[in-house]
Structures are given as structure tokens and as C-alpha cells.
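Q: The listed protein sequences correspond, in order, to chains V and U. Quick note on our numbering: the first sequence kicks off at 3 and runs consecutively. Quick note on our numbering: the second sequence kicks off at 900 and runs consecutively.
Hints in this document: simulated from the structure, not taken from any laboratory. Backbone N, C-alpha and C define an ideal beta-carbon position, used for all residues, glycine too. One or more of the hints may lead you astray.
Restraint-style ranges between C-beta atoms, simulated for each label pair [said to hold, decoys possible]:
id : chain 1 : residue 1 : chain 2 : residue 2 : range
1  : V       : Gly808    : U       : Glu1009   : 48 to 56 Å
2  : V       : Leu171    : U       : Asp999    : 16 to 24 Å
3  : V       : Thr902    : U       : Gly958    : 26 to 34 Å
4  : V       : Asp794    : U       : Glu1009   : 25 to 33 Å
Calculated pairs, SDA-like style, for lysine to any residue (alpha carbon to alpha carbon, straight line, at most 25 Å) [as the list claims (entries may be wrong)]:
id : chain 1 : residue 1 : chain 2 : residue 2
5  : V       : Lys670    : U       : Ala977
6  : V       : Lys726    : U       : Met973
7  : V       : Lys726    : U       : Gly952
8  : V       : Lys670    : U       : Ser925
9  : V       : Lys667    : U       : Ser925
10 : V       : Lys670    : U       : Val1004
11 : V       : Lys726    : U       : Ile998
12 : V       : Lys670    : U       : Ala953
13 : V       : Lys667    : U       : Val1004
14 : V       : Lys726    : U       : Asn1001
15 : V       : Lys667    : U       : Glu964
16 : V       : Lys667    : U       : Ile957
17 : V       : Lys667    : U       : Met973
18 : V       : Lys439    : V       : Leu517
19 : V       : Lys726    : V       : Ser876
20 : V       : Lys670    : U       : Gly952
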Amino acid sequence: MLVLILLHFVLAALTPALCRVWGARAFYALALGPAAAFAWVVAQSPTILAGGAVSEGFEWIGALGVSVVVRMGLVQWILALIVTGVGTLILIYCRWYWVKGAHPRSASVLTAFAGAMLGLVVADDLVLLYVCWELTTVFSYLLIGHDNTRRANRSAALTALLVTTAGGLSMLAGLLSLGFQAGTLLLSEIVAAPPTGPIVGIAGILILIGALSKSALIPFQFWLPGAMAAPTPISAYLHAAAMVKAGVYLVLVMAPLFAENPAWRVTVIVLGVLTMVNGGWRSLRQTDLKLVLAYGTVSQLGFMVLLAGLGTRSAALAALAVVVAHALYKSTLFLVVGIIDHNAGTRDLRELSGVGRRLPVLATVAGLAAASMAGLPPLFGFLAKEAALGAFTNLLGGGDIGLPPAIGALLVAAVVLGSTLTVAYALRFWWGAFARKPRIADSEVAPARAGFLTAPAVLATAGLVLGFLGHPVTDVFAPYAAPFAGEESHGLALWHGFTLPLGLSVLALALGAVLFWQRDRITAVQETFPSLIGAEDLYRGLMRVVDRSAVEVTARIQRGSLASYIALILITLLTSVGGSLLVSDHWPAGTFADGWGQVAVGVVVIAAAFLTATARGRVRAILLVGVTGYGTALLFLMHGAPDLGLTQVLVETVTLVVFLLIVRKLPKYFTERPLQSSRWLRIAVSVPVGALAAGLVYLAAGARTATPVSTAFPEAAYQFGYGKNIVNVILVDTRAWDTFGEISVLVLAATGVASLIFLRNRPLDLQRVDVARVDKRAVPWLLGSLRRPKADRSLIFEVGTRLLFGVIMVVAVYLLFAGHNYPGGGFAAGLVAGMGLMLRYLAAGREELNEAAPFPAGALLGSGLSVAALAAVSPVAFGGRVLQSYDLRLSIPGLDTLNTPFGPFTLLGDVHIVSSTLFDIGVFLVVLGVILDLVRSVGSGIDMHEESEQAPAPEPDSFRALPSARRPS
Amino acid sequence: MTPNLVLCIVAGSLIAAGVYLILERSLSRILVGVLLASNGVNLLFLVAGGPAGAPPIIGLATAEEMSDPLPQAMVLTAIVITLAVAAYVMTMAYRKFQIDGNDEVVDDVEDARIRMLAERDSESESFEDVTFSDTGEDVVSE
């Protein structure tokens, strides 16, 4: 069964190729899918008829108890026969309908739909059922909107999608609650042992809402006529035979569980009757043949849900009969309309005339189907209608399900009225399509090909043949009806004797004929009906409100100003989180401070922060931020975080230098702003946000009761990371993935800075000093300063740099290797080494920087990332996992200890190398590359801008600058 | 776990001053605000990580005396990222000066267009109000 469903999807995927090769004939290949499934379903008949079931499946999401299980019992078998049988015929019909070659997408979606529909009717797992259910919705959306250049199609497709998925969501909630209450998601097991309780009752109503939306019952009925925008074969399949039956199917399988529930029964009766009468009545005023059928379908669906949901034995039997009869005659009629539309060029019954004489075979086929719809003997529609009428007359006795006989009588009257309307629109349809009408010229009709007629002819004949098989069909259907309460049906037969149902049937036929005969008066009466506000208007109103409010909300919130966005976010934070903070009564008793040193540093930091916020000068603000940064570093140290303190100091210094290098070309002051109201607004937002952040963390830290995850770190760091500095082990081992992501960000940011300055690419020809031409007697302390103007040079700075650079580099290397066991590591080492380069630039300009680092920064960034990546993946080669650490102890003879005259001197000792050091070297290279890149960009790059007059020129005593004289290209 | 009040207050002040600057229009001021706020947030990490203690280095102290190393590792990466972001944003301010002579963050043009649409009460194009008449007008055919 699953293979057959899969076959549909495979064929759907192949459709574009098949259509290209075979054109319209590809539909024959596509029909193989449903045909194979039909043959298989027929082959299972002996098992099913013997009361058995066929099932297969496998587990899908074990933890949730969801499985892909299909199971075919009696109801599923009947529906599967309809879905696959009608599907095969319709795909064959499509070959003639789209004789010039189909739109491959629609053909493909139609085939996939057939598969999803088969899955829906055989699914045993409720989640699988829901998945197939929504698949049919989506395919229906695509098929209705197949010509997406037309507004009507798009609108109808969207309406169908929204209405049926809204119902589907309700159904999902119902299915899951039902499954939860029953302890299993398998439909067969739920039906075998029905759960009880109020939640089950609610679940039933939720499921019913889904079924009603899919089967287009009031108040959801309006999507179905719109869906007629789809091509006619698709309407015949989706909106007559298969998809809209899904709701009826669901009611059929759920009825044994819920029919006793009063809310279910009332809903089914009221909405079923309303839909039946309303649909039939509106059908009588349609002039488009397809819409006559569409409203007729709405009416019949109401009838079917009424029968299926009523929950009596005779109604259940009649429901199955009506489902089968309707599938046969309604798809026939749709296909007939398709042929008329195709061959006569119109399907407006005001324009068609005399088609019956030109297409006598078609007229006969349509006549059979219309007669079945009207309930004329000897067709199967008559048998079904007799059984249905019998089911309602059984209610008159009052014994069936305890309904008061008066309600039973009302129901009988309503069903007779519905049948009358059905007779009237059946006549109207046949007359409209085939009759010769006065004052209308005969239509030009092309003769229909035999192949085109096959599908409707087969379906209509089936309706005729089944009419004579009433007794065997009754025996097949009876096991489904047996468990329900109430009198047994008199069965399906052409003749039961002179019974009340027969009399009602004759009455309906006669009244229907009268309605048709007096059609002009009926039209006049219909036109006097006031137009009521219906569900459709509510739907449209809702859509308009959604659209309107989306525009309004966007306009209110999306002001375009960054500050207002941030303020909005922060105010949301304040009102939501801040509110709950205010009412909290769990304030912990914290410690005031760890010592007076902490308090002193804190006071300085707070003062610096306040001054920063009020600073008008750029340099002033930057220096003050630096104060807060260094203060933070001290607080880190006092807290017991030497690595943080070290890194923070280094970063603060680098940031300061980078800022000053940029700020030299910017105006001295920030943009002048007089005291404005917005300043108070900003204070009103920022102060509470600061308080909120502090209060939140204070509260959260105090409320913490769980043991920190890091209690196991000290042991693990040494055991698996082979390092004593736990923070460093976390960086290069425990959370090394995170570190790798971080250095990638660093590379990106540095590249971003370089591209903002150099715009295209970093300069690759680094200007160096030509050593050969340097006067040997006047070699300066720093080579790069040779060509600098005397005024720019500072001897003491150059000497100091020359002396310090080597020391700085040694410290950097020490930090890199010591970092695994003592404070330090790749980040700190990279920053220190970078500061060495920075110093060379500051002392003697960009040529000196090129002397210090005679390679492009990109080379460092790239090699750093490569080394880190290599370190990450290399353990895999040795059978380990990515980023796993190994350690290695080396004792090199001769080098470990040096024997001096003063005694042995430990030189290298026992070298303990951990593989993650390689990763740290990658980090080191990246950080060094980033700083080199920064100095090259905001140092050398801006120097070059200045020389070529591309840098902005700050106006004296102003907060503005002249843009670069020559715009950099 | 007992939180440290002074650290919370210092962090809160840094964040308040930072947010005050972030709500500005000048890009370099916004950046200074981000730096202040991130210093504050980094301090909050320490508070959330638990009480002060010895450096988390094996051999210098027992595991019980150590401060929690995990938030420290997280803050360490945050510090370095802040450096990169600060350099980038500052260069952006430079570039803005180079082109326009100021570093104001201007309002988004596209957003202003959306606001205009709303003020004009025009519908968006996503919703098509096609009535499907059941009297055969606006015929739905394929």
C-alpha cells in the first residue's frame, strides 16, 4: 500500500519529463499510478469482505508514538476504490481534455494529489492522516490557482487554502487530544477501545470542525464554488469525487466514537440540513453549468454529513450508499461539462442550445447521471435516496436514538425539500446543457472523440449497474452500520413494496418537476430575497482587517529611525520583564562588596561612565571609555579572573590606539545638540534599562540553586584537556567550536575594516626601504624612519621601540605557550605581538610597519584559520573526534638539562606538548593578523588617504568635516 | 548563591550610560555607548557566575576556592569580539565622514515609504479583493 502511494509521487516527479516526451499522452502513464492502486485494492476484496483488514507500516517518530501505519478496513476500502477508480478515469480523460499537451505542473500536482488522497483514506495513524489531509489542501491550492495570472484564480485558491487549513488546525488539536486521551494514535485501536471524558467530547467537536471545513458545510461553504476556477477534470476529482469527501470520510470513521455526543449530533443535524437546503436553493439560480453542479455538491455534502454523523444504523448504511452514488454521478456530470466546455466553447446555459442533438451519446450519459442524482429508478442514486429516506422515517417512531418524533418529522420534511431541490437542479442541468431553447441559436459543437467520452460513460454505467445490485451491496455495507443503534435499514433495493420512503420519493420528484417547470417564477422569487451577511462576508472582512492592520502596525513601528527601533525594543523589555521584576518578592540577601578596593574601583568606573555619556569631545569620550575598560579589568582581577584582566587591558589598549588613529581625521566634537526633549526621553529609557539589567542579574544569581555545570571542569580540564589553566582549556578544547566561530568573526571584521578603507583590496605591493641604498654610516634606529620628515621623528621613541620590540615578541611567545597552564593563551599572545607591530608603526610610520611585517595581513588571517582548522580535524586521522586533545611528553637528551661548571641547569626539562596548542597557535595568528590589518587600514591606509587628499578634513571649531576633496572611487 | 551588590550597581551604571549613548544619532557616540554597555554586561557575567575566588588555575587553589571558569571563557571571547566590532564601526564612521562630512545614522528611506503608504490608506498588494459572485458574473473558468 505504501509503495503504491509512493508510486504516485514518483510519477508526479517524472511528469515534466514525461510531458516533454509524450505530450498529452503522458496522462496514460500517469494513470498507471491510480490504476495500479485500484487493481491492488480490488485484489484485497476477499479479505475486506470477510471482515478483515489489511495493514502495514513502520515507526516514524518513536518518541512521540507517531508511526506511518496504513490500514484498510471496510470504509477505507470503499473510499480507496472511489479515489483510485475515479482517479484513473479522470487522468485518462485529461489526455483528451488537454489534447494540445497539459501544463506539466498541474498534471504533476494532480498525480501527487491522487497519492495524498489515497494516503488520507487509508492512514491509520492520526498524525499521518493529518499530514495527508494538509497535503491534499496544498495540492488543491496549487490546482485551483493553476492559472495564476488570473485574479479570480488566485483569490479562490487562497480562500480555499485559508478556510481548509484553519479547519485543519482545529482538527489537529482534536486528533492529538483524542490520541492523548486514548494513549495511542492509531485510529483502529482508538475505535476498538474508545476513550471517554469531557476532553474526548471537545476533541470530537474540534475534529468535526475540520471535517466541515474540508467538506464545505455552512459556515465554510463559500470556498467550494470559488474553487471551480480549477480546470474541469480537477474539479471533478477534487471537488466532487475525492477531496471534499475527506470530511465525510472523517465523519464516517469518527461517528462510532462521537455520534452519542449531543453537541456533535446537534451540530451535524443543524449544519447538515442548512447546507443541504441552502446549496440546493442557490444551485437553482446558477447559469454556469459548473456552478450548478458546485452548489449541488455543497448541498449533497450537507446531506452526506447529516447521514454519516447521525449515528443510527440505517443512516450509516445510507451514508455509504450516498457517498458511492455521489462519487459516480457527480464526477460524470463534471466531466460532461468539461466536454461541453471544450467542444462548444462555453458552459453558460443561456448560450447553449441544441447540444443534445449534436452529441447524443453524451446527452445519454449525462441523462443517466442526472437521473441518478435526481433519484430516479433504476439508478443507484435512487437506491441510496430510498435508504436515506428510510433512515429518517425510522426516526418518526422515536425509538432509534431518542430524538423527539417532532424533530424526526422536521428532518424528514427537510430531506424531502432537499431532494426536491436536487430534482429541480438535476433537470435544470440537463435542460441547460442539452435542450434546444427558444430564441437561442444552436451552438456550434465539435463532435466528441470516443476516448473523451470513455470516462463519463464508464462512471455513468457503473451507477446504472449498481442499481441492480442492491442486495449484494447492502451485504457489503452492512458490517459498517451494524454497531450503530437503531432499527436495521430495509436495505438497498429497487423495490420494497409501497412504503413511506417510496411515497416521499415520488413526492420529491413531482415537486422537483414543478419547481423546474415554474423556473422563471422561482427566479423572480429568488431575486426578491435580501442578501444576508454570510460567512463569506465575514471572511472577507477579516482578511481586509488583517491586511489593514498589517499596514498600520508596520507604519507605526517601522519608523526608519535606528534609535526609535532600539527604544521600542528596550521599552518592551522594560514593560514585560521589568514589570515582573517589580512584583518579585524573592530578593536575595547579597554581599555588598568583596572589599574596599572593589568599591573604590567601582566608584571610578561609574564616574567615568557618567562623564563619557556627557562628553562632547571625541577624544575625551574615547579616553573615558578606556578608563571604564581598565577599571573593568581591575574588577576582573579582583574577582579571580586573571585571564580576563590581562585580555581586557590588552584589548583596551589596542582599541584606544585604533580609535585615536581614526579620530585624528574626524572633527574634535560630536554633533552639537542643544538641550532637546529627546535627551530626557533617552534618560527615561536608559536609566531604567540599566537598573533592570542590574536588578535582573542580582535576582537571578540569588535565585540560583542548581550546581554550576563547571564544578566538574577542574578535574576534566586536566584529565582530558591536559592543561592547568581551566579558562584556556575551555577555549581551546571544551568550547573550541565556539572559539573557532569567534576567530572567523574576527577575520570577517578585519576584512570589513580593510574594505572600508581600501575599498577594493588590501595593497599587496608593500613599500619597503631599499637596504642597499642606505648610507651605512647613518643607519637609524628604525629603518622605516629614514624618509620621514625630521619634525615627525622622535629619537627617544625610536630607540625605545627598537629596544622593546624584541622583548615584546618574547613575551608574546611565552604567553602563547604558557597559556595552557598559566594566564595567557592565543588571544593574549596575539594582542601582545600585535601591539609590538603597532608600536613600530607609531614610532616610524608605515614603511617601518612593512619592515616589521613584510607580508600582507590576509596571509596571517588565512594561515591562522587554516592552522586552527587543521588542529580541529587532525585528531580524526588518529581515530579521535574533532577537536579532541592529546598530550605528548618529550625528553630530548642533551637539551633537557645543561651541565654547567656551577651544577646542572634545567634548559628545556621534560617538554609537555598538548595538541590543542596547535589550535591556540591558529588563534594567535588570527589575532595578530587582525591587529596588523587594523594598523595597515586605519594607520597606513588613512595616511595614504591624507596624502592623496581623500581623507575628510575637519572644519576648525565645527562638528562637521568636509568630505574628501576627491571622492575615492 | 549570594550576588555582589557593588558589581551589579557598577554594571547597571555602565549599561545605563551605554544605552543613553546608543539612542543617539552620531555613529561614533553609538559605538562609545556599545563599549560602555558591553563592559557592563561582561561584569554581569561575573556576578551571574558566582562569588569571587581564586584564579581557576589548577595547582594554585583547590577546586572549591576557584571562581567559576565558564563565564570567564565566555567573557574572554566577548571582549575580543567587541574589539573587532568597535574597529569596524569606527571605520564605518570614518567612511561616512569621508563621503558625507558627518557620521549621523540617517532614517531608512524604504521605511519612510511604507509609512507614506499607510498614511495614504492604501492597501498592500498582498490581498486581492475579488468577490466571487454566485450569479455567474466574474465567471471562474480555467
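Q: Straight-line Cα separation of Lys667 (chain V) and Val1004 (chain U) no greater than 25 Å?
A: 19 Å, holds
Q: Is the hinted pair Lys667 (chain V) and Ser925 (chain U) satisfied, with a Cα-Cα distance of at most 25 Å?
A: Holds. Lys667 (chain V) to Ser925 (chain U) sits at ~16 Å (cutoff 25 Å).
Q: Hinted pair, alpha-carbon criterion (25 Å max): Lys670 (chain V), Ala953 (chain U). Please report holds or violated.
A: 44 Å, violated
Q: Lys667 (chain V) and Ile957 (chain U) were given as a pair; does the straight-line alpha-carbon distance stay at or below 25 Å?
A: 48 Å, violated
Q: Just to be careful, I want the Cα atoms of Lys726 (chain V) and Ile998 (chain U) compared with a cutoff of 25 Å; is the pair within it?
A: 51 Å, violated
Q: Is Lys726 (chain V) close enough to Asn1001 (chain U), meaning Cα to Cα at most 25 Å?
A: 50 Å, violated
Q: Would the pair Lys439 (chain V) and Leu517 (chain V) pass a check requiring their Cα atoms to be no farther apart than 25 Å?
A: 18 Å, holds
Q: Just tell me: holds or violated, for the beta carbon distance of Leu171 (chain V) and Asp999 (chain U) against 16 to 24 Å?
A: 51 Å, violated
Q: Regarding the pair Lys726 (chain V) and Ser876 (chain V), is the alpha-carbon distance no greater than 25 Å?
A: 23 Å, holds
Q: Could you say whether the range 48 to 56 Å given as a hint is met by the Cβ separation of Gly808 (chain V) and Glu1009 (chain U)?
A: The hinted range 48 to 56 Å holds for Gly808 (chain V) and Glu1009 (chain U), with Cβ atoms some 55 Å apart.
Q: Are Thr902 (chain V) and Gly958 (chain U) spaced within 26 to 34 Å by their CB atoms?
A: 29 Å, holds
Q: Is the hinted pair Lys670 (chain V) and Ser925 (chain U) satisfied, with a Cα-Cα distance of at most 25 Å?
A: Answer holds: Lys670 (chain V) to Ser925 (chain U) is near 13 Å, not above 25 Å.
Of the numbered hints listed earlier, those contradicted by the structure are 2, 4, 5, 11, 12, 14, 15, 16, 17 and 20.
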